[in-house]
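Read top to bottom, the protein sequences are chains A, B, C and D. Positions 1 to 289 (this note's numbering) are the ones given, in order, by the first sequence. Positions 1001 to 1289 (this note's numbering) are the ones given, in order, by the second sequence. Positions 2001 to 2289 (this note's numbering) are the ones given, in order, by the third sequence. Positions 3001 to 3289 (this note's numbering) are the ones given, in order, by the fourth sequence.
For the record, the hints were derived by calculation from the structure and aren't laboratory data. It is possible that part of the hints are untrue.
[As the list claims (entries may be wrong)] Here are the computed lysine-lysine pairs in the DSS-like style, where the Cα-Cα straight-line distance is at most 27 Å: (1) C:Lys2117 - C:Lys2134; (2) C:Lys2227 - B:Lys1117; (3) A:Lys117 - D:Lys3194; (4) B:Lys1117 - D:Lys3121; (5) A:Lys6 - A:Lys134; (6) A:Lys227 - C:Lys2227; (7) A:Lys117 - D:Lys3117; (8) C:Lys2006 - C:Lys2227; (9) D:Lys3121 - C:Lys2206; (10) B:Lys1091 - C:Lys2091; (11) B:Lys1091 - C:Lys2117; (12) C:Lys2117 - B:Lys1268; (13) C:Lys2117 - A:Lys121; (14) A:Lys117 - C:Lys2121; (15) B:Lys1039 - B:Lys1007; (16) D:Lys3091 - A:Lys121; (17) D:Lys3256 - A:Lys268; (18) B:Lys1117 - B:Lys1006; (19) C:Lys2039 - C:Lys2091.
Because the structure is a prediction, the values reported are computed rather than measured.
Protein chains: 4
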Amino acid sequence: MASPKKKLQGLVAATITPMTEHGEINFSVIGQYVDYLVKEQGVKNIFVNGTTGEGLSLSISERRRVAEEWVTKGRNKLDQVVIHVGALSLKESQELAQHAAEIGADGIAVIAPFFLKPWNKVRAEEVLDGIQEKIPTFQGLKFSDTDLLDFAQCVDQNRQRQFAFLFGVDEQLLSALVMGATGAVGSTYNYLGKKTNQMLEAFERKDFSSALNHQFCIQRFINFVVKLGFGVSQTKAIMTLVSGIPMGPPRLPLQKASREFTDNAEAKLRSLDFLSFNDLKDGNLEACS
Amino acid sequence: MASPKKKLQGLVAATITPMTEHGEINFSVIGQYVDYLVKEQGVKNIFVNGTTGEGLSLSISERRRVAEEWVTKGRNKLDQVVIHVGALSLKESQELAQHAAEIGADGIAVIAPFFLKPWNKVRAEEVLDGIQEKIPTFQGLKFSDTDLLDFAQCVDQNRQRQFAFLFGVDEQLLSALVMGATGAVGSTYNYLGKKTNQMLEAFERKDFSSALNHQFCIQRFINFVVKLGFGVSQTKAIMTLVSGIPMGPPRLPLQKASREFTDNAEAKLRSLDFLSFNDLKDGNLEACS
Amino acid sequence: MASPKKKLQGLVAATITPMTEHGEINFSVIGQYVDYLVKEQGVKNIFVNGTTGEGLSLSISERRRVAEEWVTKGRNKLDQVVIHVGALSLKESQELAQHAAEIGADGIAVIAPFFLKPWNKVRAEEVLDGIQEKIPTFQGLKFSDTDLLDFAQCVDQNRQRQFAFLFGVDEQLLSALVMGATGAVGSTYNYLGKKTNQMLEAFERKDFSSALNHQFCIQRFINFVVKLGFGVSQTKAIMTLVSGIPMGPPRLPLQKASREFTDNAEAKLRSLDFLSFNDLKDGNLEACS
Amino acid sequence: MASPKKKLQGLVAATITPMTEHGEINFSVIGQYVDYLVKEQGVKNIFVNGTTGEGLSLSISERRRVAEEWVTKGRNKLDQVVIHVGALSLKESQELAQHAAEIGADGIAVIAPFFLKPWNKVRAEEVLDGIQEKIPTFQGLKFSDTDLLDFAQCVDQNRQRQFAFLFGVDEQLLSALVMGATGAVGSTYNYLGKKTNQMLEAFERKDFSSALNHQFCIQRFINFVVKLGFGVSQTKAIMTLVSGIPMGPPRLPLQKASREFTDNAEAKLRSLDFLSFNDLKDGNLEACS
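Construct the complete structure from the given sequences, taking the supplied hints into account.
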């Protein structure tokens, strides 16, 4: 694995896997997608083939090709490309990990077992205990739960170890920043990256009042779509709308987002000034009043 | 209901109901308990007959007597006495609410239905929408979940209304303070109130680094006991240990905390400097290093 | 407690608590209700103040009055009157149990703790192990789960003890009969008692093909209403429809069944010949073709 | 897909995937395994690469090889070989389905989506509604839940269609037989097939008393191991013990069954006469008294 040029911190967009109307992967737009993230969203780290990218719905060879395309198109533009290589079959996970190293990805990530499971449920801070002896190249964790006792104890128990403590519940990122998060991985950074970066900057300069206002602003959108039913399908639709880059439909078992959802989401984005009326294609994000 | 002298904010201790070895309520120590909270913990608000107080395990007449004792003993000492009047039977809840008003409590609180339930689950921010039309004396909410999208949207949507936004998950209070919480209700403020107030003060003066250190410190204790199994029984045992006031055993269906638990908890409290070796009886809380 | 005249077996109707439009208990129809159960449904055992009877939504004094009315009106008509005396407060449960004995009920029943709970979940067969030493008057259990390993092991381990093994999941009663159930407690026996008794009789004479046809017939109705959303409110509406006795609305937190539900349920009952067109008021149940 | 010689009914063993101590698949014992199932257990149908076979922990190419080995070794010995071809990636599932057809398997099976899921949960009887229009070769379902309203409605609504209604909760198979099940798929038929066949035969000849005794007998074993913690790892250990064929350890994320478990399970099997003292290697099953 190539040594990271920059530390894994700040926003990490969980990339969507663009698809054609026939459900095949649309590799042709990935270059535009990279440029959009960097220039329009100010996001320079990506997490590929995760849940947002429907990684587990792709075949192993498709996951390899998608990883290659992001690494290639991201070279000299992105800071870090992290590839999710988790799979239910350990051999296939190992194959994907090896491949990620060969193509020069900056890091790999794996999901915990979710079908056959060990008997005892462990807390994340227990998993991190002594982890560098088992995985010398361990970089950090992506924590996608609202249990901030567990998350903050991960930070507390590992402060000297320089791990990346990435939070995965976008809608309440500020609550994790105050508990020591050093970054975040999520689907909303694809289209709310610029807005979220404003929140991060306010937090860094200790302007917590502004940071909270930015958080509220972001939440008004997420709260709205959560109540309509919000998943990977809806993320694809919103990204297409905001970026102007066609993300296409999702694969089975997911259904394409309804027209009703997309219309409602668009109206909400406008009302929060997240979509300039004239700038629909470029997806310019403006501050929410 | 008497008009509150002070606004309902800051720490609110969810009071334990002291019991004799035979499971009868031990009213005789409530006066000491009030003084302990005010003088040793710096906590001047209480939440009576909630889960920590085994409220639902008491008979209606016992709940009335307990409420009376706290109001009487708390007069001129406590800022706010809030009585939990929730019950599965609406008539009994109404009786308790009326009684709370008659005895001069500062507020009442009710739990959402938890046996027979309405079909649709609603979010707290939906409950608060238009609530003053239905309940003109509505003061605020106690939010006991880690969903900080819902909690922060309650704050965001009601900012001018001066509600009390009290957070109920002690172990991550700092994460809610940054999201706009104006106070907290919890069992740990019975014996970690002083420590937690230090965290609140650091947060108020924007010393977020100190605030986080205090939070970590508190978490090291809570994380430890959570992994041993921590509920109302264990809370009673810890409070007896720290305050020196006998809380007694819990009522069925709970079992008394094990000797093993109490020994382990005591050792942990000492190692964090939450228990001075010489000051066991007074329960003096010192800063965790 | 009076000694039971007959063994507790066969169908036990979980009685509904009739209410006026203002939510007060309508004691005046209980006499008719007893006669309806005995004459029209062939059901001679009842379970009072359970979930179907909104027992936990009533005050303690209301539960006492309801128990008295059923015992009084059921004298010389019903075989067994079992009163549910469970409550979150042990003292109140004891008061109700004592009262049930005083008024001559045939048995009492209690729900397991459901708010504050012990740490370890136990299986019903573990609860029954050695239970007669703890409760010499123990008669049997009402098992309201589909785990038929646990249920059948209760039967297997206690075969000589003459316990009543009552099954509480009406829609699959036949599956429990084959595993050794000696009876059933449920809300559907209020209006499908006659039909269900036909199934029990077919099972007794080992005509399993007919028994299964009866079970399918009953299921077509229950499956239909379950998909519309079926709880205590809907049970009250259906019983009013079938028996002609006004059950009234439920108490908060439940909402009255919608007009749409009641119309749909009525149409389904007719299509299955559970409601004779001419006999709506009497609620005569006919065999489903 | 070859036309099945015999109807898919009766017992179907969910095959274990034998492994070496290094976690590689041990193809060499599959021939013995087939003979053991047919001769010692009287089980002539198998379900390959399901949960019991750790199918989802194997790579796609491993699943293909395992399928080939069972079809080859089962030729002229087994009645039906059904291959589980479900996968999170649809393309991989299609590849496995095609392969199963090419090698002459008798049927394929697929699990419902379990990572990314559609919004609405549907009942099995809703899935079966009109299924032959969508899947002309549809043979039947394997129902692995205790909801016998749903299961029996599948039977009721499809009685003329000659589907196989296979029940997947071994420990209460009798309860499903009375509701119309035509067979069963499960891990226990690997080593309790003979005993379970005795129960099926008693049921067929309407000797329900004997059928229930057999069910109790089987349950005493399953109830015992369930309380110790019983999953795929423990199944492998028990099968090794009973059959004398080395099943080996499981793959990660599962851990090998503990020595303590295996000793306890062995003692229980003996006490129920499921293991003859002299016939440990051959795994002869005797009737439980």
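Outcome of the hint check:
Between C:Lys2117 and C:Lys2134 the CA atoms are separated by roughly 20 Å; this keeps the pair inside 27 Å, and the hint holds. The suggested pairing of C:Lys2227 with B:Lys1117 holds, with an alpha-carbon distance near 17 Å, which does not exceed 27 Å. For a cut-off of 27 Å, the pair hint linking A:Lys117 to D:Lys3194 is broken: about 30 Å separates their Cα positions. The straight-line distance between the Cα atoms of B:Lys1117 and D:Lys3121 is roughly 21 Å, inside the 27 Å bound, and the hint therefore holds.
Note on A:Lys6 and A:Lys134: the hinted pairing holds, with a Cα-Cα distance of about 24 Å set against a maximum of 27 Å. The hinted pair formed by A:Lys227 and C:Lys2227 meets the criterion: a straight-line CA distance of about 22 Å does not exceed 27 Å. Straight-line distance between C-alpha atoms of A:Lys117 and D:Lys3117 comes to about 19 Å, which keeps the hinted pair within the 27 Å bound. Pair hint C:Lys2006 plus C:Lys2227 does not hold up; C-alpha atoms about 37 Å apart against a cutoff of 27 Å.
Distance hint between D:Lys3121 and C:Lys2206 is unfulfilled; the C-alpha atoms sit about 37 Å from each other, more than 27 Å. Distance check on the hinted pair: B:Lys1091 and C:Lys2091 sit about 18 Å apart at the alpha-carbon level, within 27 Å; holds. Restraint check for B:Lys1091 and C:Lys2117: satisfied, since their Cα atoms lie roughly 25 Å apart, inside the 27 Å limit. Using a Cα cut-off of 27 Å, the hinted pair C:Lys2117 and B:Lys1268 holds, with the two alpha carbons roughly 26 Å apart.
As the CA atoms of C:Lys2117 and A:Lys121 are separated by approximately 21 Å, the hinted pair is consistent with the 27 Å bound. Only pairs whose Cα atoms come within 27 Å are accepted, and A:Lys117 paired with C:Lys2121 is accepted, the gap being roughly 21 Å. For the given pair, B:Lys1039 sits about 20 Å from B:Lys1007 by alpha-carbon distance, which is consistent with the 27 Å threshold. Between D:Lys3091 and A:Lys121 the alpha-carbon distance is near 32 Å, which puts this suggested pair outside the 27 Å criterion.
Between D:Lys3256 and A:Lys268 the alpha-carbon distance is near 53 Å, which puts this suggested pair outside the 27 Å criterion. Note on B:Lys1117 and B:Lys1006: the hinted pairing is violated, with a Cα-Cα distance of about 35 Å set against a maximum of 27 Å. The straight-line distance between the Cα atoms of C:Lys2039 and C:Lys2091 is roughly 38 Å, outside the 27 Å bound, and the hint therefore fails.
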